[in-house]
Amino acid sequence: MATKSGVEEVHVLWISEGMSCDGDTVSVTAAEQPAIEDVVLGLIPGIPKVHLHNKVLDYSLGGEDYLRVFHQAARGELAAPFVLVIEGSIPNERINGEGFWTSFGNRADGQPKPINDWIDELAPRAWAVVAIGTCATYGGIHAMAGNATGCMGLADYLGWDFRSTAGIPVVNVPGCPVQPDNFMETLTWLLYQAAGLNPMIPLDQELRPTWLFGKTVHEGCDRAGYYEQGDFALDYNSPKCQVKVGCWGPVVNCNVPKRGWMAGIGGCPNVGGICIGCTMPGFPDKFMPFMDEPPGAALSGNVIRTYGRMIRALRAMTNDTMNAEPRWRHNRPELTTGYNPRWPHPRDEPAGRGATVAPIRARDRASELAGDPKFH
Amino acid sequence: MKRPRIFANLRVGKPDTKPSAPSHVRGIRGGNQVGAADQVGFYSTGPAPRRGVSDIKATAARSTGINPRARNPIDPRSPNLPPA
Amino acid sequence: MRTETNVQRNLVEMAWDPITRIIGNLGIYTKIDFDNREVVECKSTSSLFRGYSVFMKGKDPRDAGFITSRICGICGDNHTTCSVYAQNMAYGIKMPPLAECIFNLGEAAEYMFDHAIFQDNLVMVDYCERMVKETNPGVLEKAEHTAAPHADVHGHRTIADIMRSYNPFTGAMYREALVMSRLTREMFCLMEGRHVHPSTLYAGGTGTVGTPQVFTDYLSRLLRFLDFAKRLVPLNDDLLDFFYEAMPGYEKVGDRRVLLGCWGSFQNPDVCDYSYRRMTEWGRAMYVTPGVVVDGKLVTTDLVDINLGIRILLGNSFYDDWEQEETFVQEDPLGNAVDKRHPWNQTTIPKPQKRDLKDGPYSWVMSPRWLDKRTGDHLALDTGGGPLARLWVTALAKLVDTPYVKSTGSSVVMSFPKTASFPETRYEWKIPQWANTIERTRARAYFIAYAGAMAVYFVERAMELIRQGDVKVFQEFDVPEDGIGCGFHEAVRGVLSHHLVIRDGKIANYHPYPPTPWNASPRDQYGTPGPYEDAVQGLPIFEENGQAGFKGIDIMRTVRSFDPCLPCGVHMYVGNGKVVEQRHSPMLGLGALGGKP
Chain A
0 MATKSGVEEV
10 HVLWISEGMS
20 CDGDTVSVTA
30 AEQPAIEDVV
40 LGLIPGIPKV
50 HLHNKVLDYS
60 LGGEDYLRVF
70 HQAARGELAA
80 PFVLVIEGSI
90 PNERINGEGF
100 WTSFGNRADG
110 QPKPINDWID
120 ELAPRAWAVV
130 AIGTCATYGG
140 IHAMAGNATG
150 CMGLADYLGW
160 DFRSTAGIPV
170 VNVPGCPVQP
180 DNFMETLTWL
190 LYQAAGLNPM
200 IPLDQELRPT
210 WLFGKTVHEG
220 CDRAGYYEQG
230 DFALDYNSPK
240 CQVKVGCWGP
250 VVNCNVPKRG
260 WMAGIGGCPN
270 VGGICIGCTM
280 PGFPDKFMPF
290 MDEPPGAALS
300 GNVIRTYGRM
310 IRALRAMTND
320 TMNAEPRWRH
330 NRPELTTGYN
340 PRWPHPRDEP
350 AGRGATVAPI
360 RARDRASELA
370 GDPKFH
Chain B
0 MKRPRIFANL
10 RVGKPDTKPS
20 APSHVRGIRG
30 GNQVGAADQV
40 GFYSTGPAPR
50 RGVSDIKATA
60 ARSTGINPRA
70 RNPIDPRSPN
80 LPPA
Chain C
0 MRTETNVQRN
10 LVEMAWDPIT
20 RIIGNLGIYT
30 KIDFDNREVV
40 ECKSTSSLFR
50 GYSVFMKGKD
60 PRDAGFITSR
70 ICGICGDNHT
80 TCSVYAQNMA
90 YGIKMPPLAE
100 CIFNLGEAAE
110 YMFDHAIFQD
120 NLVMVDYCER
130 MVKETNPGVL
140 EKAEHTAAPH
150 ADVHGHRTIA
160 DIMRSYNPFT
170 GAMYREALVM
180 SRLTREMFCL
190 MEGRHVHPST
200 LYAGGTGTVG
210 TPQVFTDYLS
220 RLLRFLDFAK
230 RLVPLNDDLL
240 DFFYEAMPGY
250 EKVGDRRVLL
260 GCWGSFQNPD
270 VCDYSYRRMT
280 EWGRAMYVTP
290 GVVVDGKLVT
300 TDLVDINLGI
310 RILLGNSFYD
320 DWEQEETFVQ
330 EDPLGNAVDK
340 RHPWNQTTIP
350 KPQKRDLKDG
360 PYSWVMSPRW
370 LDKRTGDHLA
380 LDTGGGPLAR
390 LWVTALAKLV
400 DTPYVKSTGS
410 SVVMSFPKTA
420 SFPETRYEWK
430 IPQWANTIER
440 TRARAYFIAY
450 AGAMAVYFVE
460 RAMELIRQGD
470 VKVFQEFDVP
480 EDGIGCGFHE
490 AVRGVLSHHL
500 VIRDGKIANY
510 HPYPPTPWNA
520 SPRDQYGTPG
530 PYEDAVQGLP
540 IFEENGQAGF
550 KGIDIMRTVR
560 SFDPCLPCGV
570 HMYVGNGKVV
580 EQRHSPMLGL
590 GALGGKP
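Chains as they are written, first to last, in numbering that gives the first Met the number 0: chain A, 0 to 375; chain B, 0 to 83; chain C, 0 to 596.
So that you can see chain A by itself, here it is in the shape it has in the complex (with noise of 0.2 Å):
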C-alpha cells in the first residue's frame, strides 16, 4: 500500500570490504525481527521489493557477474533507488603510495578498486547510506591508536553533515557485531520511509536511531539493580555488578542487555560480560584496558556504598515479610479470612484501614516467624 510518494522496489546494495570482519553480515543472519529472508522473500507488509547485492549470500560465483549492479549504479544506471550499506573502518587510501589497504573488485587498469573509489561514486547517487557496525560508524577496532592505515568511520570519510539523495545522513547502527535485529530494524524502517510510509528516519547527534540507542547500557541492565544497593561483583565468578570489574555500562548507549543478543538470549554484563563500549564513537581506546575498573565507578560505587548497605538491609525486612504467606492460610477447623457474605459490614466500618491487615505489618513478622515452621 505504498503511497504516491513512495517507490516499489529497492536495491541494496552491501559492500562488507571496508576493513571489517565481515561479522556484522554474518550477525544479521541470525535476525529474526525480521529475519533477512522475509525481507528478501518480500513477507513484510508494505515494505517494497528488495533486490540484495551482498557477497555472502549472492547466488552468483563472484566476479563481473556478482560486481555488474554495483558498476550500473555507479553509473546511475539502476532503474530503482538503493541504499548503500558499508560494512568495515574506511582506510586512508592518501597515504600509500601506489599501494591500496582493502579493494573490492578491480579498476579498468587490472589494479584492485579501493572501497574509497566505490563510496565516492555509490554514495552522491544512493537513496540511503547505512553504516552498519562500530568500524564503518566510527573507525572501530582497526582506527585503534598505533594502527599503519589511518582508517577512520563513514561519516568522517563522508562528512558528518553528508545527505543522501532522500536527504538522509548517513545511518549509523553502530554495534561490534551489530545486533542483528537492530540493523534490520533500521533497515526496514529505511524501507518503509522509501515506500514513503515511514517518516524521516529519527537519528541523534551521533547519527544513531533514537528507538534503538536512546538509552545506556546500565539503564536497562538486569544486574543494575545491584548497583543500587551498592553490591559489587569483584571478579568474573560473580553474577553481581560488574562495573568494579571493568564495566563501562553506566555510559554507554546499547539497549544489548535489555534486547539480549538474539531471540531474547545472551548480552552482556547481564550474563556476566563486561560492557566494553562496542557501540561508541571512542571505542575501542577510551575503554582499554577492559578489564579495569572505569575510573567513573570508583567514585560513585564508593558512595553507593552506604546508600546501599540501607537500603539493603530495609528491603531484607521487607523481603522476609512478603516471603511469609498471611496466617489466615490455614486447615485448621474454622474459617479466619475475614469472610462475610454481605458488604459493606457495619462492624467493619469504624475499624478503619488496616486494623487486621497482619500479613504487611511489621510488628506481626515476629510472631508468624515463630509460628510457621518455613522459618526453622
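Errors might be hidden in some of the hints.
To be verified - With beta-carbon atoms standing in for the labels, derived distance ranges:
id, chain 1, residue 1, chain 2, residue 2, range
1, B, A35, A, M321, 21 to 29 Å
2, A, K239, B, N66, 50 to 58 Å
3, C, G154, B, N31, 27 to 35 Å
What the hints assert, rightly or not - Just some of the chain A residues that point at chain C, by a computed CB distance under 10 Å:
id, residue
4, D21
5, T28
6, E31
7, P33
8, E63
9, A144
10, V250
As the list claims (entries may be wrong) - Pairs of lysine to any residue residues, derived as SDA-like cross-links and limited to a Cα-Cα distance of at most 20 Å, are as follows:
id, chain 1, residue 1, chain 2, residue 2
11, A, K239, A, A315
12, B, K13, A, W342
13, C, K58, A, D291
14, C, K550, A, D291
15, C, K357, A, K243
16, A, K243, C, E475
17, A, K243, A, L233
Note that these hints are calculated values from the structure, not bench results. Glycine included, C-beta positions come from ideal geometry on N, C-alpha and C.
Fit chains B and C to the known structure of chain A by using the hints.
Chains B and C alone, transformed into the frame defined by chain A:
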C-alpha cells in the same frame, strides 16, 4: 477465644483480616494519579490534536537520564521515539 | 622429478574477484586451457590489510582476547578462545573445570553453527538445482532419475530433489539451515554471551554463570539440532557420492597431496594446565587431536613439535622482511631454539604497493609453512577446510575415546542419543582415498555431527560439576612483567595459533595465525604455491559450458571446499574470458608448477 459462628454451614472463627484490607488508603501515591503525565520526558502538544491521535509526545528524557538532549532526533521531520 | 614437454597451449586468463559466498576479500586469478579442459595456473589474492599485529603492540595483554576476536566475523570466538589459551600460559594459570566445559560447549556450538550455515547456505548453492542446471544440465538430467539411497532418512526421493532443496532462499534445506544456524547461535550465546564476538570470555575463565538452567537450555536446543544433523549426514553423502558417479574422474577436482594440519580442539580439564612444559601431554588429551598428516602418515601429535615447526615466509606478499628486527624469543621454555621466522619473532611491516600478478607481490596474505624436520621441506599444509584435517588426524591418532566419539585408528565413530524423529544413531567417518573437493565438503557434514556428539559429553561433564555445587568459572591471576605464551586451537576452518610476548606488562609482540593464511597463501620465497593455488592448478574442468558461458563452477567448488575466510588472511573475479596469450608453455609434471627454481 471467641466461639466459632456458623454462616450458612460455614464455620467462621475470629477473622485474621478483613475483606477491605488491601484497598487504597488516601494519601498514598497511585500510578493513575492525575498530573503524572507532566513527568520528565513527556509534553503535551496542546489542545487540538488530530482525531485519533493523543496529545502526548515524548522526548529522549523519557528513556534516559544521561545526556538526554543529545539523544533527541536531529531532524525536525523525525518523530521522537526513545527506546522502551 | 619432473618432465617437460613443449606443447602449444592456448591459455585464457580468467579471474573471479571478489568471490561470493565466503567471508572476506578473495580473488582467484587463473589461466585456463579450454582445449584440454584444464586450469594451468592459479593465483589467490587477498586485498585486505588491517594490521592487528601492528596496533596490538603496547596494549594490555588482557585485552588481547577482546581485540583478536575482531579479526574474524564468523569465528571470532575461536580467536578469543585461542587468545585465552595463550594468555593462560603466559600468566601461569589453569582454568576451573566448569570454565573449560563452558568454553568447549561454546566452541562446539560455533562449529555446529558455522559449518551448517557455510555448508548449507553458501557451499551447497554450488550444488543446487539452479546452479547445476546452468553449469551441467546433463548431470541434472541424470540426478532427476537417480534415487537417493537414504531417502527413508532425509525424505528426498531423488538426487535432484536434494539439489532443489538447496536452491537459495526457496529451497527447504536452505531455509531450515538458516533456522538451525540461529538455534545453534542461541546455544552459543548461552555459553559465550554474544555471537560472533563473545562477551563473557576472559583469560582465566568466563563470566557465564553456571546454573542448572543454562545447561538445560543448551541441551534442549542441542537435541533439536541433533535431530537435524542425523538427516544432514546421509543427505550430504547421497549428494556428494552422486557427483563421483555422475562425472567419472570428479575425484581429481581439487585433489591435492595429503598435507594436513590440525592444532587440536576441546581441552580436557583433567589434564590441561596450560604449561608449556606439559604441552605435549595435555595437547594429546584434547578431544580433537592435534597433529600433522603427510602423504597419509601421521607425522606428529606433539604440540611442541607443531609449535617449533611453524615458519612464516613472505614470498609474494606486501610486507617488508624482519630479518634485521629484534628476536623476542631465542628458545622455548624447554630449551629448544626458536627460529627467526617463527611467529614469536615476527615483526609485521606492511608495505603497500601496486599488485603484480606476473612475478611480484600480489597479496596481503603471508605464507605460513611447516618445517618437516625429516626432510627440511617447508610444507604448505592445508586444513582441508578444517573438518578434513581434524577428522583425519583424530582418526589416525586413536587418542579420543569418549562415550559419544571414538577414534579407531582408521575412522571416527560418533554415537547420538535418541532424538525426536530418530532412535539412537551411529555414524562413522572413514579416512577417504583423496584429499579433494568432495571429501573436504563431506567431512564438514560429519564434523557437524562430531561437534554435536562431543557437546552431549560436555553437557554431562558440566552437569556433574553443577550437581556437586562446583560453580567456579574464573581463576584470578596477576599479569607478569615479562612472559611468553602460545595458544593452539581449531578455528572452524582449521588451524589457529596465537603467539604472545609480554614485556613490562604490555604486549611486545602478538601474532595470530588463523587457517586462511595457511590455505590462501600466495607463492612463498621458494616458489611453493599456497594450497588453493595448488588445488586449482591442474584441475580438470567438468563444466559443460564452453569458454563463452564459462562460470568456473569446478574452481569455485574447490576454493569453497577450503571454507575461505579472508578477514583472517582473500575475491574471484569473472572477467569476460579473453585470450591473453598464446604461448609455448612448458607442461610440467606433477606438483612442479611453481616448484623450486
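Which constraints among the numbered hints does this structure fail? Numbers only, ascending.
2, 3, 7, 10, 14, 15
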